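My request is simple: use the sequences and hints to build the entire structure.
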Amino acid sequence: MSRPGANGMWKTTMARREEQVREWYIVDASRYPLGRMAVKIALRLMGKDRPEWTPHVDTGAGVIVINASKVRLSGKKAAAKVYQRYSGYPGGRKEIPFEIQVKRDPEKVVRHAVRLMLPKTNLGRLMLKKLRVYPGPEHPHAAQNPKEMEI
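For the sequence shown, position 103 (counting from the first letter as 1) is numbered 103 according to my numbering, and the numbering increases by one without interruption.
Be aware that one or more of the hints could be misleading.
What the hints assert, rightly or not - Between beta-carbon pairs, the in silico distance windows are:
| hint | residue 1 | residue 2 | range |
| --- | --- | --- | --- |
| 1 | Thr13 | Tyr83 | 35 to 45 Å |
| 2 | Lys11 | His56 | 12 to 22 Å |
| 3 | Asn7 | Lys70 | 34 to 44 Å |
| 4 | His56 | Lys81 | 49 to 59 Å |
| 5 | Leu123 | Val39 | 13 to 23 Å |
| 6 | Trp10 | Glu107 | 15 to 25 Å |
| 7 | Arg93 | Glu18 | 18 to 28 Å |
| 8 | Arg125 | Lys81 | 22 to 32 Å |
Said to hold, decoys possible - No farther apart than 27 Å at their CA atoms in a straight line, the calculated lysine-lysine pairs in the DSS-like style are these:
| hint | residue 1 | residue 2 |
| --- | --- | --- |
| 9 | Lys70 | Lys11 |
| 10 | Lys77 | Lys108 |
| 11 | Lys94 | Lys108 |
| 12 | Lys77 | Lys103 |
| 13 | Lys130 | Lys103 |
| 14 | Lys130 | Lys108 |
| 15 | Lys129 | Lys108 |
| 16 | Lys81 | Lys120 |
| 17 | Lys129 | Lys70 |
| 18 | Lys48 | Lys120 |
| 19 | Lys94 | Lys77 |
| 20 | Lys129 | Lys147 |
| 21 | Lys76 | Lys130 |
| 22 | Lys108 | Lys70 |
| 23 | Lys130 | Lys120 |
| 24 | Lys81 | Lys103 |
| 25 | Lys147 | Lys48 |
| 26 | Lys129 | Lys81 |
| 27 | Lys108 | Lys40 |
| 28 | Lys40 | Lys103 |
| 29 | Lys103 | Lys48 |
| 30 | Lys120 | Lys108 |
| 31 | Lys11 | Lys120 |
| 32 | Lys48 | Lys129 |
| 33 | Lys81 | Lys108 |
| 34 | Lys70 | Lys147 |
| 35 | Lys129 | Lys103 |
| 36 | Lys70 | Lys40 |
| 37 | Lys40 | Lys130 |
| 38 | Lys147 | Lys76 |
| 39 | Lys70 | Lys103 |
| 40 | Lys48 | Lys94 |
Calculated from the structure, these hints are not laboratory results.
Since the structure is predicted, the reported quantities are computational estimates derived from the model, not experimental observations.
Glycine included, every Cβ here is placed at the ideal spot set by N, Cα and C.
What follows is the structure in structure tokens.
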């Protein structure tokens, strides 16, 4: 955000944490492919869609994702995508196909896709805390007056 200074030159100002006003947005996961949806959610959580974006301040909004159990992938990716985790022990690698993971824990699928698109820092972890994911159409955040987020 810039404004003219005392000498008439433009002066760049930095956003401060205390001045931030949080807006909330709601996304229906059944309407969009997972990757496209995750990109837009990550940009909104980081605040890169706002003119006062500052790299070291969390200027982003909060995002509510509903219908996570109906999330979809395009093409044949649903059959090919596999989630992996590793315990650290020999033979401790586990693989879970996308179709099983969506049935078992749909919130984790959406949260994982968004998390990988956020910064891998303390600030990125703070941004991820503003993401709320629910498997069905109900959510307890009516008091935030969320706006519909178009992707």
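Hint-by-hint comparison with the structure:
1. Thr13 - Tyr83: 35 to 45 Å: Check passed, 42 Å falls within 35 to 45 Å.
2. Lys11 - His56: 12 to 22 Å: This hint holds: roughly 18 Å between Cβ atoms.
3. Asn7 - Lys70: 34 to 44 Å: violated (57 Å)
4. His56 - Lys81: 49 to 59 Å: Distance hint for His56, Lys81 is violated at roughly 34 Å.
5. Leu123 - Val39: 13 to 23 Å: holds (18 Å)
6. Trp10 - Glu107: 15 to 25 Å: violated (44 Å)
7. Arg93 - Glu18: 18 to 28 Å: Since the Cβ atoms of Arg93 and Glu18 sit about 45 Å apart, the hinted range of 18 to 28 Å is violated.
8. Arg125 - Lys81: 22 to 32 Å: holds (25 Å)
9. Lys70 - Lys11: violated (47 Å)
10. Lys77 - Lys108: Holds. Lys77 to Lys108 sits at ~17 Å (cutoff 27 Å).
11. Lys94 - Lys108: holds (16 Å)
12. Lys77 - Lys103: Given pair Lys77, Lys103 holds - Cα atoms ~16 Å apart, limit 27 Å.
13. Lys130 - Lys103: At roughly 24 Å apart (the allowed maximum being 27 Å), Lys103 and Lys130 satisfy the hint.
14. Lys130 - Lys108: holds (15 Å)
15. Lys129 - Lys108: holds (13 Å)
16. Lys81 - Lys120: holds (23 Å)
17. Lys129 - Lys70: holds (22 Å)
18. Lys48 - Lys120: Measuring from Cα to Cα gives roughly 16 Å; hence the hint holds.
19. Lys94 - Lys77: Holds, at about 19 Å.
20. Lys129 - Lys147: holds (19 Å)
21. Lys76 - Lys130: This hinted pair is violated, its Cα atoms lying about 31 Å apart.
22. Lys108 - Lys70: Given pair Lys108, Lys70 holds - Cα atoms ~13 Å apart, limit 27 Å.
23. Lys130 - Lys120: It holds: about 15 Å lies between the C-alpha atoms, which stays within 27 Å.
24. Lys81 - Lys103: holds (14 Å)
25. Lys147 - Lys48: holds (18 Å)
26. Lys129 - Lys81: Roughly 26 Å between the alpha carbons, so the hint for Lys129 and Lys81 holds.
27. Lys108 - Lys40: holds (17 Å)
28. Lys40 - Lys103: The hint holds at about 24 Å.
29. Lys103 - Lys48: violated (32 Å)
30. Lys120 - Lys108: Distance ~18 Å between Lys120 and Lys108 Cα, so the pair holds.
31. Lys11 - Lys120: violated (30 Å)
32. Lys48 - Lys129: holds (17 Å)
33. Lys81 - Lys108: Judged against 27 Å, a Cα distance of about 14 Å means the pair holds.
34. Lys70 - Lys147: holds (21 Å)
35. Lys129 - Lys103: holds (23 Å)
36. Lys70 - Lys40: holds (18 Å)
37. Lys40 - Lys130: It holds: about 14 Å lies between the C-alpha atoms, which stays within 27 Å.
38. Lys147 - Lys76: At roughly 32 Å apart (the allowed maximum being 27 Å), Lys76 and Lys147 break the hint.
39. Lys70 - Lys103: holds (9 Å)
40. Lys48 - Lys94: Given pair Lys48, Lys94 is violated - Cα atoms ~35 Å apart, limit 27 Å.
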